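Chemist: Chain residues, written in single-letter form:
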Amino acid sequence: MFDDFFIRALVAGIGVAFVTGPLGCFVIWRRLSYFGDTLAHSALLGVTLAFTMEFNIAISVFVISSMIALILIQLQKKTNLPGDALLGLLAHSSLAVGLVVIGFLTFIRFDIMGLLFGDILAVSVDDLLIIWIGGALILLVLKLIWKPLFASTVNYELAEAEGLNPDRAKAIFTILMAAIIAISIKMVGLLLITGMLIIPAAMARNLSSSPQSMVIYSILGGLLSVIIGLFTSLEFNTSSGPSIITAALLLFILSLFKIKQSIKLKN
Amino acid sequence: MSTDQNILVKLNNAGLQLNNKWLVKGVSLQVEKGKIVTLIGPNGSGKSTTAKIALGIYKKIDGSVEKYTNKVGYVPQKISIDWTLPLRVNDFMILTESLNKETIDEALSLTGVIHLKDKNLGDLSGGEFQRVLLARAISKKPDLLVLDEPVQGVDFTGEIALYELIKKISDELSCGILLISHDLHTVMSATDFVVCLNGHVCCSGSPMDVVKNNEYKALFGEQASQILARYEHKHDHIHTNEGEIKKN
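If you read the sequences in order, they're chains A and B.
For what it's worth, my numbering labels the leading residue of the first sequence as 58, then goes sequentially.
For what it's worth, my numbering labels the leading residue of the second sequence as 2, then goes sequentially.
Hints were generated in silico from the structure; no laboratory data involved.
Source: prediction; values computed, not measured.
It cannot be assumed that every hint is accurate.
Straight-line alpha carbon distances no greater than 30 Å define the calculated DSSO-like cross-link-like pairs of lysine-lysine that follow [to be verified]:
no., chain 1, residue 1, chain 2, residue 2
1, B, 61, A, 134
2, B, 72, A, 227
3, A, 135, B, 61
4, B, 11, A, 227
5, B, 142, A, 315
6, B, 60, A, 200
7, A, 135, B, 72
8, B, 22, A, 134
9, B, 142, A, 227
10, A, 227, B, 61
11, B, 79, A, 134
12, B, 68, A, 204
13, B, 11, B, 169
14, A, 134, B, 26
15, B, 26, A, 200
16, A, 204, B, 72
17, B, 120, A, 204
18, B, 169, A, 227
19, A, 200, B, 68
20, A, 204, B, 60
21, A, 200, B, 22
22, B, 26, A, 204
23, B, 102, A, 204
24, B, 68, A, 134
25, A, 204, B, 79
26, A, 204, B, 11
27, B, 22, A, 204
28, A, 204, B, 142
29, A, 135, B, 22
30, A, 135, B, 60
31, B, 72, A, 200
32, B, 102, A, 134
33, A, 227, B, 68
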């Protein structure tokens, strides 16, 4: 059944959507969209490294993204630069270094478009295993740290005062972010991963009144975007990443009508 | 064990320095089971900072803090909830501990906001939100309650009822309470121990002792020291016929 590339892509995309749904909610709640972008940009370096050393792409991206996250935390402590400047610095310099390294790798044929925007033809059975096993692990860890992470998202001092150890939860969440980028890079492409995280979650925000319902709508939105996007990609021969994100955008626009209604009801 | 078993939290000469400026310095106090300790002092005297030191929120402090319980309920002085979070009162109640429906309903009823249970947190008024904060803190039946101006923005009758509730909770749960309050009447009538702060501990002791203290008089004025002695209602300003406020 996994012989067909389209079935593989669909199964991979569904796996990714289950994980980006809940993580995306936290990205919105904690205002981390630029952080996600930075990790995603640094993924290019991870990919080039994987090619040079003939190593697994997902693992190599995970390692590099985690390292960039650690460097960011160190820079935040050591410098007086604002957070967004540091994020921009890391995002663009790691992207640039990645591209320079690609320039040196003349002996490898590189599908750079596929890397930046996702390529459904590239999803192998191994990738499926990585997405589903990795994804299950991410969700399991997220469930374990949910309470301290969510409580500190609402109010850090409350969580700290009542003994929940929010700093540890934050550190673990950072690693989960690096992991989701690593497993979804082939599907969505590194320039659009943050879109996959935040657009379905943003749509979900328009429809929900509790954190749980937002997570569920976010997952549903992601699943629909993947399915619609991949069929479009197959039909019109467009890149998978942009097709999925465009589908997500359409769902977001539809969700705006729901808010208008509820605002009308209030008045 | 050299420590008293009833001690919940103990500050030993604790202080906090931020950007080379002391926010508060040399505070020693302890909160015991069933006792209410109140911090008083002018704005910026380090009351909230002292409470946060006791809670262990600050990592790099001067001196030391010994905390003997992890069952803590905290009502911060100010808290801003982001509108990006869809959060109902019910979700907020189970923020740091999972509670069953009965416990949640009981706490919300005690503070008089059970009817707001399914409302969005962002839609509450200041006073309503304050009642929800207090309900959340008491619902987990903590050993130690830290209440930083818990009745701010609550209407007058509600204020008295909530202070009575706090007193009742301290008796019933025999939990220790660290209270920050501006209402000297309440402080002096319901407190076991008062710590008067002004960047440092300027005096401390039972309410009776504190009102007699000269530094307290200097800080709050002669009138405040008469609260217990005569216990009569007095304001520090009068309203003229033109609607202006005039200091006494």
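Chemist: Hint by hint, which ones does the structure fall short of?
Modeler: Failing hints, ascending: 5, 7, 15, 18, 21, 22, 27 and 32.
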